[in-house]
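Asks: Sequence order for the protein chains is A and B.
Residue numbering for the first sequence follows the numbering used here, starting at 439 and increasing by one per position.
Residue numbering for the second sequence follows the numbering used here, starting at -9 and increasing by one per position.
Errors might be hidden in some of the hints.
[Claimed, not checked] Computed beta-carbon distance windows for the label pairs:
hint, chain 1, residue 1, chain 2, residue 2, range
1, B, Asn66, A, Leu536, 19 to 25 Å
2, A, Gly535, B, Gln109, 36 to 42 Å
3, A, Pro725, B, Gly226, 56 to 62 Å
4, B, Glu176, A, Gly535, 48 to 54 Å
5, A, Ile670, B, Tyr8, 37 to 43 Å
6, A, Ile512, B, Ser102, 15 to 21 Å
7, B, Ser102, A, Val715, 26 to 32 Å
8, B, Asp89, A, Ile593, 29 to 35 Å
9, A, Ile524, B, Asn186, 15 to 21 Å
10, B, Gln109, A, Ile512, 42 to 48 Å
11, B, Asp89, A, Ala534, 25 to 31 Å
12, B, Gln109, A, Arg571, 42 to 48 Å
Keep in mind the hints are simulated off the structure, nothing from the lab.
Each residue gets a CB set at the ideal place from its N, CA and C atoms; glycine is no exception.
Here are the chains, one letter per residue:
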Amino acid sequence: MIPLLGISTQALFGQLLLGLINGAFYALLSLGLAVIFGMLNIINFAHGALYMVGAFCAYFLLNLLGLNYWFALIISPLVVGALGMIIERTMLQRLAGLDHLYGLLLTFGLALIIQGVFQNYFGSSGLPYAIPRELAGGTNLGFMFLPNYRSWVIIFSLIVCLATWFMIEKTRLGAYLRAATENPALVRAFGINVPRMVTLTYGFGVALAALAGVLAAPINQVRPLMGADFIIVVFAVVVIGGMGSILGSIVTGFLLGLIEGLTKVFYPEASNTVVFVIMAIVLLVKPAGLFGRTA
Amino acid sequence: MPEANGALLHVDGLQAWYGESHILHGVDFDVRPGEVVTLLGRNGAGKTTTLKSIMGIVGKRQGSIRFEDKETIRANSDRIAKMGIAFCPEERGIFASLDVKENLLLPPQVKSGGLSLDQIFELFPNLKERLTSQGTKLSGGEQQMLAIGRILRTGARLLLLDEPTEGLAPVIIQQIGKTIARLKDEGFTILLVEQNFRFASTVADRYYVMEHGKIIDTFANSELQANMGKLHQYLGV
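Make a model of the complete structure from these sequences and hints.
Replies: In structure tokens:
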């Protein structure tokens, strides 16, 4: 083991890996928030709760229906996406044109209710969810031991993030989305059903959260408050990246995960606050965020 | 198919509101197939609101708007667009987050018979040079060409053009005038809002004059000279 600045490389790479994993979750969650904010102008505080529902969905699928992780990876985002679309149609749609504050209050209230219901039935402790057989074990890289499941999470979420970015920035459907973000009335006057697009966008955004929830289940256990703890950091990531910026949320997500990991190695006391310190600095220097367009 | 009286668009007793303010107080007019009809009037007379009401963008509307004999007063704007009406707004509505090509391809085809991309580039060669530029990086004239060009692809037969010459250089106004004449030859029906009636007189078949949210006069292009005195009075020019 080669010590570096008094720190073993194993500890360093171990923390960097953890940071990258956290970064993958930050990226997936803040990406969904960015997509939703861009289209609905709503700061979706229910995101963390729906991330948790995604994880629980995987748990139920396995324990009630015997459907394994791979099924959950597809079914859970679909279920949560459908739930999201119902929420959008029945509640969020009524807030169109009102101040941000209303959307924030509504989604925050929804988050409390959803988390409360799950806590009522499952308490606060975690339910175990096993790593799928195919991804058990790990690889010895010489300088560190890399668990297969963790490499899978990093690679898979990176693929999902890049695919989402590609869809929004490079396809015709993405052009509709970007245009409707700018001027929904005109896009609608071109014959595009914008309200349906908004519903689908919200469904897609929360489906990403559910996907992150399934990915997290084998790592963090399934807990009713798993999203509540996480979402605050994710909001900081969104602010740093720039509200509504797609690429910004992906890059900042991974980057901040890494920075957090590094901080854990060199100055562990600050690891919980470093993201917020960075947020404060970014807001002072570039209020629109690193990738944000100044409106 | 046109109405019994031959109109493609028939507006009857149209009233419209923006929030609390009552803008249109009973607007009546017709547009026949293949015509270029111009709405004239001072600022605030309700010309833009009339176009937006036809397109279904105004919140509250009453009265009747019939297109191809179908009532659209209660339809949403996406449905109205699909019936074959397209709108080019005064502020042009070019999207900053889309490049020129994406802007051009944004409005989906609603009917067959729209212009091909090549035909649009033939009308507006500038656009072809700048396909990968960001939409809002174009000059004002090029943005106007883009705003008109993109609705020609869709197959819509009734075009609503809101002040297409506003703030543009004379040479570009000329180009837009030629385009409108060409579109008329191709069989498009155009409802134009214009402050610049010298420009309008080069393209329009008929005029309606609006004041305080109502149509107060109408005449054909051939009667323009005879009506010049009145027109100066209406428009305060």
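Asks: Taking the Cβ atom of B/Asp89 and the Cβ atom of A/Ile593, is their distance within the range 29 to 35 Å?
Replies: holds (31 Å)
Asks: B/Asp89 and A/Ala534, beta-carbon distance inside 25 to 31 Å?
Replies: holds (28 Å)
Asks: Per the hint of 48 to 54 Å, is the separation of the Cβ atoms of B/Glu176 and A/Gly535 within bounds?
Replies: About 39 Å separates the Cβ atoms of B/Glu176 and A/Gly535, which means 48 to 54 Å is violated.
Asks: Using the Cβ atoms, figure out if A/Ile670 sits within 37 to 43 Å of B/Tyr8.
Replies: holds (41 Å)
Asks: With respect to the beta-carbon atoms only, verify the hint that B/Gln109 and A/Arg571 lie 42 to 48 Å apart.
Replies: Violated: the Cβ-Cβ distance is about 60 Å, outside 42 to 48 Å.
Asks: Check the following: the C-beta atoms of A/Gly535 and B/Gln109 are separated by a distance inside 36 to 42 Å.
Replies: holds (39 Å)
Asks: Is the distance from the Cβ of B/Asn66 to the Cβ of A/Leu536 consistent with 19 to 25 Å?
Replies: holds (21 Å)
Asks: Between A/Pro725 and B/Gly226, does the beta-carbon spacing fit 56 to 62 Å?
Replies: About 45 Å separates the Cβ atoms of A/Pro725 and B/Gly226, which means 56 to 62 Å is violated.
Asks: Lying within 26 to 32 Å: is that true of the beta-carbon distance B/Ser102 to A/Val715?
Replies: violated (59 Å)
Asks: Per the hint of 42 to 48 Å, is the separation of the Cβ atoms of B/Gln109 and A/Ile512 within bounds?
Replies: holds (45 Å)
Asks: 15 to 21 Å was suggested as the range; check whether the CB atoms of A/Ile524 and B/Asn186 agree with it.
Replies: violated (51 Å)
Asks: Is 15 to 21 Å a correct range for the gap between the Cβ atoms of A/Ile512 and B/Ser102?
Replies: violated (38 Å)
In the structure shown, a violation is registered for the earlier hints numbered 3, 4, 6, 7, 9, 12, in ascending order.
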